[in-house]
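Novice: Counting in this note's numbering, the sequence shown runs from 4 upward without gaps.
Ranges of calculated distance between the beta carbons of each label pair, as one might list FRET restraints:
hint : residue 1 : residue 2 : range
1    : Pro152    : Tyr96     : 19 to 29 Å
2    : Gly125    : Glu178    : 51 to 61 Å
3    : Phe102    : Cys226    : 25 to 35 Å
4    : Asp181    : Glu156    : 24 to 34 Å
5    : Gln174    : Thr196    : 16 to 26 Å
6    : Thr196    : Thr164    : 22 to 32 Å
7    : Thr196    : Ser112    : 32 to 42 Å
8    : Pro149    : Ala95     : 22 to 32 Å
To be clear, the hints were calculated from the coordinates, so they are not data collected in a lab.
For glycine and all other residues, C-beta sits at the position ideal for the given N, C-alpha and C.
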Amino acid sequence: RWNQSDTSLTELANQGVYYELPVPLGSPLSQSPLGEPQPDGNRLLHEQRGPPRHIQELLDIETQAPAAWQADQQIVQTFTLVRDQPNLIFAAYRPAEIFIATERLSLDSGDGIRVPEGLKAGLTYSVVSYRPDFDADRLRHLPAGPYPPAIRERYLQLPDTISQRVRQLAQTLTEPHDNTFDKVDALTEYLLTEYPYNLFPPAHPPGAEVVDTFLFEDREGICEQYVTALVVMARSLGIPARLVSGYGA
Numbered sequence: 004r005w006n007q008s009d010t011s012l013t014e015l016a017n018q019g020v021y022y023e024l025p026v027p028l029g030s031p032l033s034q035s036p037l038g039e040p041q042p043d044g045n046r047l048l049h050e051q052r053g054p055p056r057h058i059q060e061l062l063d064i065e066t067q068a069p070a071a072w073q074a075d076q077q078i079v080q081t082f083t084l085v086r087d088q089p090n091l092i093f094a095a096y097r098p099a100e101i102f103i104a105t106e107r108l109s110l111d112s113g114d115g116i117r118v119p120e121g122l123k124a125g126l127t128y129s130v131v132s133y134r135p136d137f138d139a140d141r142l143r144h145l146p147a148g149p150y151p152p153a154i155r156e157r158y159l160q161l162p163d164t165i166s167q168r169v170r171q172l173a174q175t176l177t178e179p180h181d182n183t184f185d186k187v188d189a190l191t192e193y194l195l196t197e198y199p200y201n202l203f204p205p206a207h208p209p210g211a212e213v214v215d216t217f218l219f220e221d222r223e224g225i226c227e228q229y230v231t232a233l234v235v236m237a238r239s240l241g242i243p244a245r246l247v248s249g250y251g252a
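Can you build the whole structure from these sequences, using the hints too?
Specialist: Have a look at this one:
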């Protein structure tokens, strides 16, 4: 349960799925429960000695986006767990302060904030976030790379099975644009306008390449197929992209 102070929606049910790549496109993605404890190697954000107490910790993640993008809009969230959960701290982007009883906070490879142990039903914690102002005109003028090696390795990988006509479609749709923002926007608009949403899409033939089948054969589908096609086409253009899912009610 999420109480957000600056909106009329005061309670939202939060769910999520964490995807780790690589996995074969079209097969069930490897899903670990959101917040499942990860191997050692997470980046330490905070550690304190002595018994746990509520802490207020400024997270050192400022290098991920220019400070100028930070808006003044503060979002205060209070989460109360209705069932036992793994060790992930829910937080709206971009988190700045966390109030929770823990001796340690760390940042995992997916930028998830973690505590050492799983979280128990009934626990309440609060997070203060500052909503970034991602101005479209500013995004249009950002340089298109070079991207850090960790970003290239994680968010540009593609299987060899991606068809040439999928790659060519991505090139054709984005050719009129000279910046990353408008290229991704063109891909998104094309998918939204040309492909009807169908909760019961046709089953793919055995061995079919799912993105090619969605784009050129079925031409209809569900949300996972839209975003998979978008990520694949973006990556084929050298634009880092990842698939994230979440649900609100």
